[in-house]
Amino acid sequence: MNSEAPKLAAPGVWSRLLANRTAVVGMLALAAVILFALAGPAVFHTDPYTTTADQFAWPSAHHFFGTDINGRDVFARVMEGARISLLVGFSGAVISLVVGTAYGMVAGYAGGRTDSIMMRIVEILYAIPRLIIIMLMIFVFDQLAKHAVQNFAGGALVGYTTVFLLVMSLGLIEWLTMARIVRGQVLSLKAQQFVTAARSLGQSHARILVKHLLPNLVGIVIVYLTLTIPAVILDESFLSFLGLGIQPPQASWGTLLSDGSQVVNPIKSYWWLLVFPAAIMSITLLALNFVGDALRDALDPRRKG
Amino acid sequence: MIGVLLCVVAITFVLVRLAPGGPFTSERNLPPHIQEELMKRFNLNGSLLESLATYVGVKRNATGHYSGLLQGDFQPSTKYRGQSVRELIAQTLPVSATLGGIAFLIATTLGVWLGALAAMRHNTIVDTASMFAALAMISIPTFVTGPLLVLVFALWLRWLPVGGWDSVRSLLLPSITLAGPYIAYIARLMRSSMLEVLSQDFVRTAYAKGLTERRTIYRHVLKVAILPVVSFTGPLAANLLTGSIVVERIFNIPGMGPFFINSMLNHDAFLLCGVVIVYCTLLVVIVLATDISYSLLDPRIRLYDE
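Sequence lines, in order, name chains A and B.
Mapping of the first sequence onto my numbering: residues 1 to 305, in sequence order.
Mapping of the second sequence onto my numbering: residues 1001 to 1306, in sequence order.
If you're looking for bench data, these hints aren't it; they were derived computationally from the structure.
For each residue, glycine too, the CB sits at the ideal point set by N, CA and C.
Some hints could be false.
Said to hold, decoys possible - Now the stretches of chain A that chain B is said to cover, found in silico as 3 or more residues with beta-carbon under 8 Å:
no.: 1; region: 135 to 149
no.: 2; region: 232 to 240
Unchecked claim - Label pairs and their computed distance ranges (CB to CB):
no.: 3; chain 1: B; residue 1: Val1230; chain 2: A; residue 2: Val25; range: 32 to 38 Å
no.: 4; chain 1: A; residue 1: Asn216; chain 2: B; residue 2: Glu1087; range: 56 to 62 Å
no.: 5; chain 1: A; residue 1: Val98; chain 2: B; residue 2: Thr1212; range: 50 to 56 Å
The task is simple: from the sequences and hints, build the whole structure.
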């Protein structure tokens, strides 16, 4: 965030946000989860990959969340999963933000035929099952990338190709809504007089886009960023659940939930493998949605939540 | 429309063929010449473009005929020997369609009802509670709610079967699981649009004319407030399609979803393309239907200028 950000947001946003109880709870919960993900390993000294003979141990003082089929500590795995899921969620959302904002700004500012062609493309993309195409792309490019990385960079980096691909491709499917919203905003902004003034002062289109329009978009873009993060995290867990995302032994919330849902069966249900990751993930997504909704209300005084 | 479909098919086909390994390499010790012979039989031996052209039906196949998508031939599956893609889809599509259709009905009716209720009881406990529940449902993925529902209703209470596809009762849990998040989406949409409509002048006029609340809501408000929900049905259909892949896996339902995943893992290009074609066609048709019904509901919208 650059130093201009505070003055760009409408006045009173912070106070309105802090007056919203659910938003405050959401922000606190979010901070707690991020702290848990980042500082957790340093505090608890548990390793998510060490396998022990202690299979399917109940939650106890030693293993807070119990252990899984390989005797790995679920608490440590949830922490590891939080790191990867949050990483994928944040960076995927940022990519979608960059693509969506750029696309929407160009379409809205250019207007006319360019605009209608660009928006028609967005409509077409809306109408194809994107997640299905993405699954396919990840499946194919992951194998190609693994091959390439193995040949050129050695085995150490192989585990990260999937994460990288996930981030890229999820960012590339979630930008459509952002593009639409930014375009709408630019359409109304460019009709305002400060744009005409800048134009008559001889500023270039690029400069107007970056210097005059972009700052006015920050608010709405941040709102949709907070709402895109949970969407990306959900998509990632969806892919990991189907075995196409993060590969074991690496953990994300999706893989943990996938493992967890498989051990819920009529013979014996190891509920802690499902309930704990599910709880942490749901709390995070809920918190993000709370904050996003509250931000949207705070930035738009006409909306009374 | 056909153009979009062909593009998607081409992308799918090229991607599967690009993936390292072929449809027959994973089988146990097939001698290379037999693999080659198999590839030839399925018209996959040529270059990427050649085999794509044969598949689409613009190039003669090994027997000298045009036989591809354009001629209505979906090719046999390379994995499930002796079964054509058409047969496999014909067996599984009705199952997936039933599941998706029921989930669609549940999501729209329950969502509209919940949202309208929340808007009418704005700022009361009903409103807050239902919106909190909606947000919670959006935040919990279906592959968590699914197993949890199984845990409670099938394993502890033993009211409903764990999975499968043999009775009406076995339909219940999967379709509720699939519909869950979309009930919530629609409820939120419905609530905000309803709140906006309720504050408009014509509603006040209706009340001023002496209409009861019931009559105002049913005759005037709902008709306008439901429009955003109608325009959401397109994306809803898309999400139900992909969502059903997960739900089918959780509940062991013999739908199209497992084929999609397996055909990808098996490099079964023809089956995969077939499944993708079905998904895309469904989606395009639904989006078109949405647009048309939208213009029917709202006289202000015209599909064509003038």
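Taking the hints in turn, this is what the structure says about them:
no., hint, in the structure
1, 135 to 149, "holds (count 8)"
2, 232 to 240, "holds (count 3)"
3, B/Val1230 <-> A/Val25: 32 to 38 Å, "holds (34 Å)"
4, A/Asn216 <-> B/Glu1087: 56 to 62 Å, "holds (57 Å)"
5, A/Val98 <-> B/Thr1212: 50 to 56 Å, "holds (52 Å)"
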